[in-house]
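Chemist: Protein chains in written order, with the working numbering: chain A, 1 to 229; chain B, 230 to 458; chain C, 459 to 791; chain D, 792 to 1124.
Possibly wrong hints are sitting among the right ones.
Here are the simulated DSS-like cross-link-like pairs (lysine-lysine), alpha carbons at most 30 Å apart as the crow flies [what the hints assert, rightly or not]:
hint : chain 1 : residue 1 : chain 2 : residue 2
1    : A       : Lys73     : A       : Lys61
2    : C       : Lys486    : B       : Lys295
3    : D       : Lys798    : A       : Lys27
4    : B       : Lys290    : C       : Lys550
5    : B       : Lys358    : B       : Lys295
It should be emphasised that the hints constitute simulated quantities derived from the structure, not laboratory data.
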Amino acid sequence: MLVSPDFPNVTRFTVAISKEDVLNWIKTYAQVIAENEAFLTDLDAQIGDADHGANMNRGFKAVLTKLPAQEDKDISTILKTVGMTLLSTVGGAGGPLYSTIFLELGKTLADKEEIDLADWANALEAAEKGVQNRGKAVPGDKTMVDALEPAVAALKEALAQNLSFDEALQKSAVAAHEGMLATIPLVARKGRASYLGERSAGHQDPGATSTYFLIDTAAKTWAKQNTHK
Amino acid sequence: MLVSPDFPNVTRFTVAISKEDVLNWIKTYAQVIAENEAFLTDLDAQIGDADHGANMNRGFKAVLTKLPAQEDKDISTILKTVGMTLLSTVGGAGGPLYSTIFLELGKTLADKEEIDLADWANALEAAEKGVQNRGKAVPGDKTMVDALEPAVAALKEALAQNLSFDEALQKSAVAAHEGMLATIPLVARKGRASYLGERSAGHQDPGATSTYFLIDTAAKTWAKQNTHK
Amino acid sequence: MKKLINKPEDVVLEELQGIELAHPDLVKVHYDPNFIYRADAPVKGKVAIVSGGGSGHEPMHGGYVGKGMLDAACPGAVFTSPTPDQVLEATKTVDGGAGVLHIVKNYTGDIMNFEMAADLARGEGIEVEAVVVNDDVAVEDSLYTAGRRGVGLTVLMEKIVGAAAEEGRSLKECADLARKVNSQGRSMGMALTSCTVPHVGKPTFDLPEDEMEIGIGIHGEPGRTRMKIQPADKITELLLKPIVEDLPFKAGDEVLLFVNSMGGTPLIELYIVYRKAFKLLEEMGIKVVRNLIGPYITSLEMAGASITLLKMDEELKKLWDAPVLTPGMRWGI
Amino acid sequence: MKKLINKPEDVVLEELQGIELAHPDLVKVHYDPNFIYRADAPVKGKVAIVSGGGSGHEPMHGGYVGKGMLDAACPGAVFTSPTPDQVLEATKTVDGGAGVLHIVKNYTGDIMNFEMAADLARGEGIEVEAVVVNDDVAVEDSLYTAGRRGVGLTVLMEKIVGAAAEEGRSLKECADLARKVNSQGRSMGMALTSCTVPHVGKPTFDLPEDEMEIGIGIHGEPGRTRMKIQPADKITELLLKPIVEDLPFKAGDEVLLFVNSMGGTPLIELYIVYRKAFKLLEEMGIKVVRNLIGPYITSLEMAGASITLLKMDEELKKLWDAPVLTPGMRWGI
Ligand SMILES: Nc1ncnc2c1ncn2[C@@H]1O[C@H](COP(=O)(O)OP(=O)(O)O)[C@@H](O)[C@H]1O
Ligand SMILES: Nc1ncnc2c1ncn2[C@@H]1O[C@H](COP(=O)(O)OP(=O)(O)O)[C@@H](O)[C@H]1O
Ligand SMILES: [Mg+2]
Ligand SMILES: [Mg+2]
Ligand SMILES: [Mg+2]
Ligand SMILES: [Mg+2]
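Let the sequences and hints guide you as you build the complete structure.
Modeler: The structure is reproduced here in structure tokens:
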């Protein structure tokens, strides 16, 4: 237990995310995607073209075959490899966007042996910016940004409030979940659902859903069962 | 009541079929076909191509539009006109075959002002021969011949037995009906149903069915409610 | 019934009007009796090729009228052979003095109606020959039945004999060639779904979601057997084997492989079937030297496919490659 | 799911194998990353035209690779845009030194993947321009949305720009021409039934037996409105009117009228729609000078149709008529 240099009055655990954690997150997410393929596709069938589940699953299956050869690489390289693999296997809108997430995470976390909460918040913020740059969507457009942006905001707030590691991740997952649900009433302004105009309202965005799973899987696989401040 | 010259010991009514009777028969048959279009088509769907009802109905609708201009022509001309109209409107196997029936009836009944039972039997026999010549089907091949042939045989037998006009027609209708039902177990050897081989067994032949209607309609529209010998 | 039609009874008429408006450079349409004929008919001195049959098989036959293929096509009602007056008028219209060849699919109705028309045309002094196509191996052949149906091979025959007529061959030569094509070609089809005849308004047959019909006819006539749906590779085998064994096609043979959609099956699936058929033939030492892949002889919107094999030689290859300019088949021009 | 396929995940691969076996004279197929390219690529000194998109729209795009049309096509998974590595490799393979034009349909995924590939290709010293097709008037256009979808006009653009490249025009000229085509063409489609994406195994949407979807996308995306099925003439009006009003097309205009099947709708119905569209245009004083009728940009086995109108001038007519030799479109050769 150390005294945080930034918040000198507060003690906190230096709970960090190891390379194994990162690998575990990615593998678990691949499993979550596989289990939810039909669900994501159903969502996409309603306001898109019924492929988001298959696209993501194809991509993360490919990632799983790539991972074994990456296990002795560093976190950044692993994340970039995931990004490149998604880029060449997912296709559609999801491909470049999820690829961007992992490439940006990899870029931001260059040379890190371990990631702390602040690193993670920074990296996820960079990923969010990357997605917004690539896709030109802003919050409220009914896209994955609507899950990503609140997750980043919640993480940063948790950092400011000096919440525990687990709590911070949990908050970001809850925020992503709320962001995902908040896409339901929205009229899409970006992506394929935007072709529907008003008819896109009343449906949950598939990309926001898979992004919520991503954040939620991080919270779950990285949880240290440590609720101390 | 006259003494028949052929059967001198027996008295019989000279119950004859007039031109009006013939017209009435054709018009009523057109109605029967219209009412049974779906039924005939259903039968054809099972062992053919689902068009026998539509084909016959198209043909007899055309006949109905031709008839008014024919009402002052003689029986033979009327029947030939029906035959020619069917030829150019029915198509399929049914077209040439039903056309043949009416053309043969017309040929056989040339110059007749009225038709008696013997005339009718002769004419129908000629029609049956015509159908067999054109289609090369013999009884038992699961075609309209299976209704036509017993109808002709029954008529001739009734004549020999000196049955009443109504009874004779009734017998031919019953025979046609039995012939029609007898097609059910048969394996088709002619027409489209023959492509099915063994699978054609168990289904009633659509052409035999429409032919039974033809014979039955004659019996019904021509009946004189006269059961005397 | 889900169709882009107006009244069922107007389907054929309105289709003909569409063809007339779409291809005035290639074909003309005659109404009542209905037939489609080459815009430049009659072609003096050329044998005229006339075919026809029920509608619902588009582009066959109307789509094959034009230079290098048919001179006229007589469309009957949907799935109903045309009437003799249609065939007679078409025959008279396109006769260029060198005689007329009727290409007739082996259905009782087609045979009878074309025969009557041929008799009438001969009575008017036109030389007419008829050749019957009967390539469907799904049907057991016998002297005592109506024999085999004419299916996919019809398209190939119309192209090849059309080229021969264009080349200036005589009526007898064209008829002999057609008979040669018929003797060297075999087909078989299958259906995943039924078609719906417009005036009937409901599917001709019920096919459960997990079943298919092997040996289907092009009018939705039931086939050889009904069975559980199989993978495309297995289905391809089920179609190809009886075809190959029937002729039989042998190692060393050169063939045209025609993979046809029944209407509702899209091209992406046809290529999957083509791939397997090609490989199976390769394994048997049979060489695919020409091919045709697409919806060329359909059964309305029926999902399914058929395979046709035609044994090729130098003559047939040359005639197949010859230019053709019709609404439904075009190359070299 | 009633399809002639083996495993859903093998559909695209096996289709490509089929194309490769079927058309070795016209195209070659590269696997992993997947793309189809002209057998004679790269054509030295010619601008190369590359397109691509999700599979399931056959013959688009792979069927349009060949002389006078595309140099390469990149097929994604079914209804999923291709990945940048496919587009990059295709671009490098067909670049003949005169630059490469990407024809991209306006979908977020297509745009992003093609953009990334273009950036990478430029990084490797290849001159790349991209033109986006967005002709679907069913979609409300706005600066704040993804804009309109690219649909039927893509086929016409690929033909016309392909001819221009064949003629020797520069990359800039080809790109300008593509933008001109885009600015002069509009489309709209409708569906009678849903398509079934192979890996999903069930229809993308439910459409009751008596309803249709107007303004459908080519991936089974819902359209503008759902309504009771209407007669073909009425449906034709519902599609044509928004198209004509959008550009707007005016009396005196010459147009190419393209009536397309979504896959499951047979040709006989397309001619009925063509007939009505032609007549409606005639009434408006708009003259149909060219046409295309058939399944050219499909959505798997979806039943339905789309109409595309392209305003023509002498340049476009000449380029449209220019020879083309691809598996899916062929004339003049
Ligand atoms: N411009 C965009 N910015 C951010 N996310 C987007 C954008 N366009 C689409 N998306 C996301 O992508 C998801 C769809 O992904 P997917 O189905 O894989 O691709 P496609 O729409 O090409 O079929 C949408 O639900 C949405 O969340
Ligand atoms: N060769 C034949 N001889 C006699 N009748 C036949 C023959 N072929 C077919 N038929 C009759 O025609 C009927 C079918 O008529 P229809 O459906 O109108 O013609 P198609 O079979 O051409 O569709 C059959 O049910 C059968 O009774
Ligand atoms: Mg999608
Ligand atoms: Mg029938
Ligand atoms: Mg019929
Ligand atoms: Mg997609």
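Chemist: Does each hint hold? Answer for all of them.
Modeler: Tested hints:
Under the criterion of a C-alpha separation no larger than 30 Å, the hint pairing A/Lys73 with A/Lys61 is consistent with the structure, at around 19 Å. Using a Cα cut-off of 30 Å, the hinted pair C/Lys486 and B/Lys295 holds, with the two alpha carbons roughly 29 Å apart. For the suggested pair D/Lys798 and A/Lys27, the alpha carbons sit about 25 Å apart, so the restraint of at most 30 Å is met. Only pairs whose Cα atoms come within 30 Å are accepted, and B/Lys290 paired with C/Lys550 is accepted, the gap being roughly 28 Å.
Using a Cα cut-off of 30 Å, the hinted pair B/Lys358 and B/Lys295 holds, with the two alpha carbons roughly 26 Å apart.
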